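S.K.: Could you build the full structure based on these sequences and the hints that come with them?
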Amino acid sequence: MTEQFVDVIDDDAAHRKLMRILVAEAGYAPRMHAAAESALALARKSPPGLVIADVQLRGEMDGVELTRALKAAPETAHVPVLIVSAFAASTDEARARRAGCDAWLPKPLDTREFVSLVRWLLTQWASDVEAT
Amino acid sequence: MAIPTKQDDSLAAERLLLRTILDTAPHVLVAIDSEGRIVEWNACSERNTGLRRAAVLGRYMLAVMPDIAGTHIERDYRRAMNGELQNIRGRWYTLPGKEPRCYDVVFAPMHDGHGAITGALMIAQDVTERARAQEQLAAERALLRTVLESAPLGVVAFDDGARVTEWNRAAEAVLGVPHAEAVGRVVTALDPARADLDRNTARVDRVLKGEVMLAEPITLYRRGAREPTHIEASVAPLRDDSSRVVGGVAVVVDVTERVRAESERDRLIADLDAARDRAERASQAKSAMLAGLSHELRTPLGAVLGFAQLLRDGRAGALTAAQMEYMDDVLTGAGYLLRVVNDALDLARVEAGAVEMRPEPIDLAALVAQAVATVVPLASPHGITITARVAGEAAHLTADPGRVRQVLLNYLSNAVKYSHAGDEVVVEAAPEGDAALRLTVRDNGPGIPPAEMGRLFVEFQRLSPDRDVPGSGLGLAITKRLVEAMGGSVSAENVPGGGSAFHAVLPLAPPP
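Going down the list, the protein sequences come from chains A and B. Residue numbering for the first sequence follows the numbering used here, beginning at 1 and increasing consecutively. Residue numbering for the second sequence follows the numbering used here, beginning at 133 and increasing consecutively.
Keep in mind that the hints were calculated from the coordinates and are not lab data. Wrong hints could be hidden among the right ones.
What the hints assert, rightly or not - Which chain B residues face chain A? A few, computed with CB under 10 Å, are given here:
1. Glu359
2. His427
3. Gly434
4. Leu437
5. Leu442
6. Arg447
7. Ala448
8. Ala466
9. Leu470
Stated by the list, open to error - Take a look, some chain B residues computed to stay more than 12 Å from chain A by CB distance:
10. Thr156
11. Leu161
12. Arg179
13. Ala187
14. Arg207
15. Ala248
16. Gly356
17. Arg397
18. Glu428
19. Leu429
20. Arg430
21. Ala440
22. Asp445
23. Ala453
24. Leu477
25. Gly565
None of these values were measured; they are calculated from a predicted model. No residue lacks a Cβ here, since even glycine has one placed at the ideal position from N, Cα and C.
M.R.: So this is what it looks like as structure tokens:
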């Protein structure tokens, strides 16, 4: 089995670095992006096993819009999306869920919870979703 | 005895007719001969004087009717004897033992066939009622005049040509034009500046067409005045007996002071509104800044916490015992900082009204048990016990469960922080009247110093702790605002015997 990619999109360099380390710790190959547009283009060409995005992004497209775009394209519709947010506001979560995001974590991240959630999304999620 | 002739018969008939006429007349008829003796005294004279005809005939008039002061019968008689016809209106006579009565009197000379004066005829008509009515009318007019002149209201009347007919003293003061100048002139021409001439002319025209105007505001400039005079004029048409409009009457009041006071008040209100708007904008700006700052702090803090966790857990290589201890200190400090930032963000949201309440029916016993379970790990290691008492009838509440839990957790963690080993914290829920619920968290800690009581629920006003008590100093301020946002109120008190009690009274159903 080839190594699976995880696309991580966050406009904060420190969080990008932290998530890169945590994704690697989980056993996957992180592909880092500061903006949604480049991540979306790459994901369409070479779909990853998981997309992790911050809700707030500095570019034209935010995490919720990225989720919607991924779920709308046939090449990426099956890829699970994890949204992280510095806002604990439930309205943000509801907005992301409506756009089709599969998991939600508030920042600051609990690093252990993050690692186990990434592993679950890449291994169990697909079969768990099919089972329901 | 003579036998009556036919001529005698007709003479008698004529006399009878004359007698009848005289006695039927509603006038006093008295005839006096040239000697001053009464020769005729009709029935009306009898009724008016109470003296019988038979008793007075042939007697001297002045003996029967003494010339009482003011009656002048003797003088009138003499003038009549001199050929003078006198027409006297409204003369008062007081007969002995009677009320004074008023008469219109004619004293006329009587002539014989040759034109010689043979006596005087006095014809008098009782006009007492008319005289009294006229007196009454005159008194009323005088009173009206007095009222008109002393009234603090300017009264102006004008005829159907808009010419002034009445202009009382107050009108002089209000309108600044003396009576002598005003009367006879067209009323609208009396504003020296004629500032509002067209409008006032239209107003007078409308009144002359029968319209009534109440409290019309009119601005005028008195002669030589720079500041306007504000008056209010109520104007009504004057009508004659056949309802035809013959003029108008205006009541004018100087309202300059009131208008000034009102514009001053409006200015003050506008100032206050502006000040309040500024304060609200400043408060919103403060909340927005607080929210923005908190968010900006959370982002790097998240990175600090994340990397610290990695290091502390040895996921970036093994640490020495000292390194591990210091990383624990970093995590504790960063965690505390995160709580402060979170609380500040929360407070900013509540203050900005950005907290959305999602009320739903709450199983209060379960919610209280859950809150207690959250705090037990903080309490048990210190030997502090927590007891929950939820009254059965207080079990139902419709509110945002997350927010009610937050309120309870705030109170509970405060109580635990300020308690000592062996202390007990009690959380109670009991009905408050028919429509509310009281949540109380009681402790037997040190209690609240009286000096701090007033600023308990104010931001960044932490109680002076007797040990290192962690907290942002925002918990109670957030609690107060959350409870108020749910339509309730908070309070705190010291409990007799030591300790304190914090209350939150919540409506059983959320306010609309």
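S.K.: Hint by hint, say whether it matches the structure.
M.R.: Okay, the hints, checked on the actual structure:
no.	hint	in the structure
1	Glu359	violated (59 Å)
2	His427	holds (6 Å)
3	Gly434	holds (4 Å)
4	Leu437	holds (5 Å)
5	Leu442	holds (6 Å)
6	Arg447	holds (6 Å)
7	Ala448	holds (8 Å)
8	Ala466	holds (9 Å)
9	Leu470	holds (6 Å)
10	Thr156	holds (111 Å)
11	Leu161	holds (114 Å)
12	Arg179	holds (108 Å)
13	Ala187	holds (121 Å)
14	Arg207	holds (115 Å)
15	Ala248	holds (130 Å)
16	Gly356	holds (70 Å)
17	Arg397	holds (44 Å)
18	Glu428	violated (9 Å)
19	Leu429	violated (10 Å)
20	Arg430	violated (5 Å)
21	Ala440	violated (9 Å)
22	Asp445	violated (7 Å)
23	Ala453	holds (21 Å)
24	Leu477	violated (8 Å)
25	Gly565	holds (32 Å)
Hints 1, 18, 19, 20, 21, 22, 24 from the list above are not met by this structure, while the remaining hints are.
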